[in-house]
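Chemist: What follows is the residue order along each chain.
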Amino acid sequence: MAYSDKVIDHYNNPRNVGQLDKSSTEVGTGLVGAPECGDVMRLQIRVNPETQVIEEAKFKTFGCGSAIASSSLATEWIKGRTVDDALAIKNTDIVKELSLPPVKIHCSVLAEDAIRAAIGDWKKKNSVAETADAAAVAH
Amino acid sequence: MRMETKMSTVTSHVEAPAGVSLPIYMDNHATSPLDPRVLEAMMPYFTTKFGNAASRNHSFGWEAEQAVETAREQIAKLIGATAKEIIFTSGATESNNLALKGIAEMYRERGNHIITQVTEHKAILDTCKRLEKNGYRVTYLPVKADGLIDLEDLERAMDDKTILVSIMAANNEIGVLQPIREIGKLCHQKGVIFHTDAVQAVGKVAVNVIADNIDVLSLSGHKIYGPKGVGALYVRRRNPRVQIAAQIDGGGHERGMRSGTLNVPGIVGLGKACEIAFEEMDNEAAYLRGLRDRLKNKLESELDYVHVNGSMEHRLPGNLNMSFVYVEGESLLMGINDVAVSSGSACTSATLEPSYVLKALGLGDDVAHSSIRFGLGRFNTQAEVDYVAAKVIDIVKHLRQLSPLYEMVLEGIDLTKIQWAAH
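Quick mapping for you: the protein sequence lines, in order, are chains P and Z. To convert, note that position 93 of the first sequence is 93 in the numbering used here; the numbers rise steadily by one, no gaps. Plus 1000 on top of the position in the second sequence (first one is 1) and you've got the numbering used here.
Take the hints with a grain of salt, since some may be wrong.
[To be verified] If you want the ones that stay clear, here's a sample from chain P, every Cβ over 10 Å from chain Z, calculated:
hint, residue
1, 5
2, 19
3, 36
4, 42
5, 50
6, 53
7, 60
8, 61
9, 77
10, 80
11, 84
12, 93
13, 126
14, 127
15, 128
[Said to hold, decoys possible] Below, computed lysine to any residue pairings styled on SDA-like, alpha-carbon distance capped at 25 Å:
hint, chain 1, residue 1, chain 2, residue 2
16, P, 6, Z, 1337
17, Z, 1397, P, 5
18, P, 123, Z, 1419
19, Z, 1144, P, 36
20, Z, 1101, Z, 1250
21, Z, 1122, P, 36
22, P, 124, Z, 1419
23, P, 22, Z, 1122
24, Z, 1417, P, 34
25, P, 6, Z, 1250
[To be verified] Over the 10 Å line for every Cβ pair with chain Z, so calculated as not near, a few chain P residues:
hint, residue
26, 48
27, 52
28, 85
29, 88
30, 97
31, 123
Since the hints were made in silico from the structure, they are not lab data. Every residue gets a Cβ at the ideal spot worked out from N, C-alpha and C, and that includes glycine.
Let the hints inform the model, and build the full structure from the sequences given.
Modeler: Below, the structure is given as C-alpha cells:
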C-alpha cells in the first residue's frame, strides 16, 4: 500500500513526541486503543488555566504509520486552540489532510478519541462540566 | 516537570554498503526469483520448441513430450518418487485442491472424516471448509507453542471413518517443520492416506516420499526458484496405490487425473529447478542457516523484548519469524521500505485480525501485530543480512521511542493490568 507524502512526513518527522507530567492539574491525558488491536495512542495536553488554551501537546503512539501520522497531526492542530475549539476537530478532517485510505479511517477515529479523552481528563481534574461527547469516550 | 523525548527523525541513517543494491528481497516464502539457469532451460520451449506434448504425430509434439518426461524424472528424483507418480498442475493451490477433493470423492464410501491442523495454508483450510459444506467431517488439530502438532492428538482424532490426514511439511509463516515421517507412519498403521503440502519444504530440506511415508504431496515451482503457474502433485502408485477423482474434465491428460494442455515451458522450468535443488540443497541449507542465525543473533544482541516465533530446532534454514514487541509490524515495514519482508500484522485488512498462524501458537494479538517474517533465499548475501539487521535495529529503536507501551513497560507498568478500551 502506498502512503501519502503527508503520512510519510509525519512518520519520518513526528511532531510533539513525548510525555507531560500526568499528575499536574494543568495536564490532561488520553490513552486510547488497545495493544491487541494494534494501535495505542497516548495524547497529552497542558492547558492554560486562565485562557483555556492548549499550550502544549505531546503524544506517543504504538501503531501503523497512519496511526502515528494521525496522532502527530492531532497534536499539531490542537496546540494553540482553546479546549472547546480542539473538540471541534473531526476525524474526517484528519482523513482529508492525510489522504487516508478507507482501511485506515480507524486511525483518524482513534486520534479524535485521543483528543476527546485528553480534554475529558483535564476537565475532570478541573471540575469543568464535561460535554456528553467527551464523557462517552473517556474510560 | 516535563519529560521529553529528543527525536529528530525516524528515518534511518543506516546506509547500504557498496555491493548491496536496494531494494533487498528477503521474502522468499512468498515467492522466489527465477534462477537464471532455469530461465535458460525454459527459453527454447517458448520459441522454437513450442509443440503440444499431447501431439503424437510429429516431431514438435515428441520434442515437447520428451521435455515433460525429463522434468517428471527430475521432480521424482528430488522427492524419492518415480516419474509416473508425478501429475502436473498449475501450482500448489490446485495441487492441494485436487488432492483433498479428489481423495474425498474417491474414498467417500470408506469414510467422510478428514484431519488437518490449524496453521495450514488457506489452500488447505478453505478446501476443507468446502468439503465440510459437502458433508465431510474435518478435525482441525491445534498446535503447541512451538508450532508443531502433538502426535497423540492426531492419533486420538483418528476414527474408523477417517480417510485422509493432511499436514503441511513446513509452515509458510514461521517455517516450522512438522514431524511428517511420524505422521505418515501413524497413517500407514491405520490405513489412512497421508497428504502433505510440501510447498515450502521441497528443495529446502530433505523430503523423501518413501522414508517419510507420504502418499500424496503438493509442490510448486515458484517457491524453489522456478516459474509461477506450475506445480505438481505426487500420487503414490504402490503400497498403497492412491486413487484421485479428477476435478477438471477434458482430454484425459496426466493419466486422467488432470486434463488440460501441459504448460511445457513451465514444466521444464520446474524440472530444472528441482534438478538444481537436488544438487545444491545441502550446501544451500547450510549457507542459509548461517545467514539466518547471523541475522537472529544481531537482532537479539542489540534489541530487548524480541522473540522468535515457532521452534528453532524444527525449522526451515531460511526462515526467521520474530516479534519486536511494543512496535507495530506495519510501522516497522514502513521504516525498512527498501527491504522486502512480511508482517504478521494485518493492519491493512478490514478485520484488523493479526496472523492466524501466530495466534495459534498462543501469542497475544499485540505480539502477533509486532512480528516480521524474514525469508532468506539462494540469492541473499551476508552483506545484505548485515544491512537489514542494522536497519531493523535502528528503526525498532526509533519506533520504541514513539511507543507508549515500551515507555510504560520500562517504567514497570504491567500492561495486562490496564483496562484497554477496545475499538
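Chemist: Run every hint past the structure and note whether it holds.
Modeler: Now for the hints, and whether the structure bears them out:
Chain Z leaves residue 5 of chain P outside its interface by the beta-carbon criterion, the shortest separation being 13 Å against a cut-off of 10 Å. The non-interface label for residue 19 of chain P is inconsistent with chain Z: the shortest C-beta to C-beta separation is roughly 5 Å, within 10 Å. Separation of residue 36 of chain P from chain Z is inadequate, the least Cβ-Cβ distance of about 4 Å not exceeding the 10 Å criterion. A cut-off of 10 Å between C-beta atoms contradicts the statement that residue 42 of chain P is not in contact with chain Z; the least separation is 4 Å.
A cut-off of 10 Å between C-beta atoms confirms that residue 50 of chain P is not in contact with chain Z; the least separation is 19 Å. Taking the minimum C-beta to C-beta distance to chain Z, about 17 Å, the non-interface status of residue 53 of chain P holds against the 10 Å cut. Interface exclusion of residue 60 of chain P from chain Z breaks down, the closest Cβ pair being 4 Å apart, not more than 10 Å. Residue-level check failed: residue 61 of chain P sits 6 Å from the nearest beta carbon of chain Z, not beyond 10 Å.
Residue-level check passed: residue 77 of chain P sits 18 Å from the nearest beta carbon of chain Z, beyond 10 Å. Consistency note on residue 80 of chain P: stated as away from chain Z, and its beta-carbon is indeed over 10 Å from all of that chain's, at 18 Å minimum. Every CB of chain Z is more than 10 Å from the CB of residue 84 of chain P (nearest about 24 Å), matching its label as outside the interface. No beta-carbon of chain Z is positioned within 10 Å of the beta-carbon of residue 93 of chain P; the least distance is around 19 Å.
Taking the minimum C-beta to C-beta distance to chain Z, about 19 Å, the non-interface status of residue 126 of chain P holds against the 10 Å cut. The non-interface label for residue 127 of chain P is consistent with chain Z: the shortest C-beta to C-beta separation is roughly 23 Å, beyond 10 Å. Residue 128 of chain P, annotated as away from the interface, keeps every beta carbon of chain Z farther than 10 Å; the closest lies near 22 Å. Between residue 6 of chain P and residue 1337 of chain Z the CA atoms are separated by roughly 16 Å; this keeps the pair inside 25 Å, and the hint holds.
Taking the CA atoms of residue 1397 of chain Z and residue 5 of chain P, the gap is near 23 Å; set against the 25 Å cutoff, the hint holds. Simply put, residue 123 of chain P and residue 1419 of chain Z have alpha-carbon atoms about 21 Å apart, close enough for the 25 Å limit, and the pair holds. With a C-alpha separation of about 21 Å, the suggested pair residue 1144 of chain Z and residue 36 of chain P falls inside the 25 Å cut-off, and the hint holds. With a CA separation close to 17 Å, the supplied pair residue 1101 of chain Z and residue 1250 of chain Z stays within the 25 Å bound.
With a C-alpha separation of about 23 Å, the suggested pairing of residue 1122 of chain Z with residue 36 of chain P holds against the 25 Å cut-off. A threshold of 25 Å between alpha carbons decides the hint, and for residue 124 of chain P with residue 1419 of chain Z the separation of about 19 Å falls inside it, so the pair holds. For a cut-off of 25 Å, the pair hint linking residue 22 of chain P to residue 1122 of chain Z is broken: about 47 Å separates their Cα positions. With a C-alpha separation of about 12 Å, the suggested pairing of residue 1417 of chain Z with residue 34 of chain P holds against the 25 Å cut-off.
For a cut-off of 25 Å, the pair hint linking residue 6 of chain P to residue 1250 of chain Z is broken: about 54 Å separates their Cα positions. For residue 48 of chain P, the shortest C-beta to C-beta distance to chain Z comes to about 15 Å, beyond the 10 Å cut-off, and the non-interface label holds. Every C-beta of chain Z lies more than 10 Å from that of residue 52 of chain P, the closest at about 20 Å, which supports listing it as non-interface. Non-interface status of residue 85 of chain P relative to chain Z is upheld: no Cβ of that chain comes within 10 Å, the nearest being about 23 Å off.
With a least beta-carbon separation of about 21 Å from chain Z, residue 88 of chain P lies farther than 10 Å from that chain, consistent with its non-interface assignment. Taking the minimum C-beta to C-beta distance to chain Z, about 18 Å, the non-interface status of residue 97 of chain P holds against the 10 Å cut. Chain Z leaves residue 123 of chain P outside its interface by the beta-carbon criterion, the shortest separation being 18 Å against a cut-off of 10 Å.
Going through the hint list in order, the structure does not satisfy hints 2, 3, 4, 7, 8, 23, 25.
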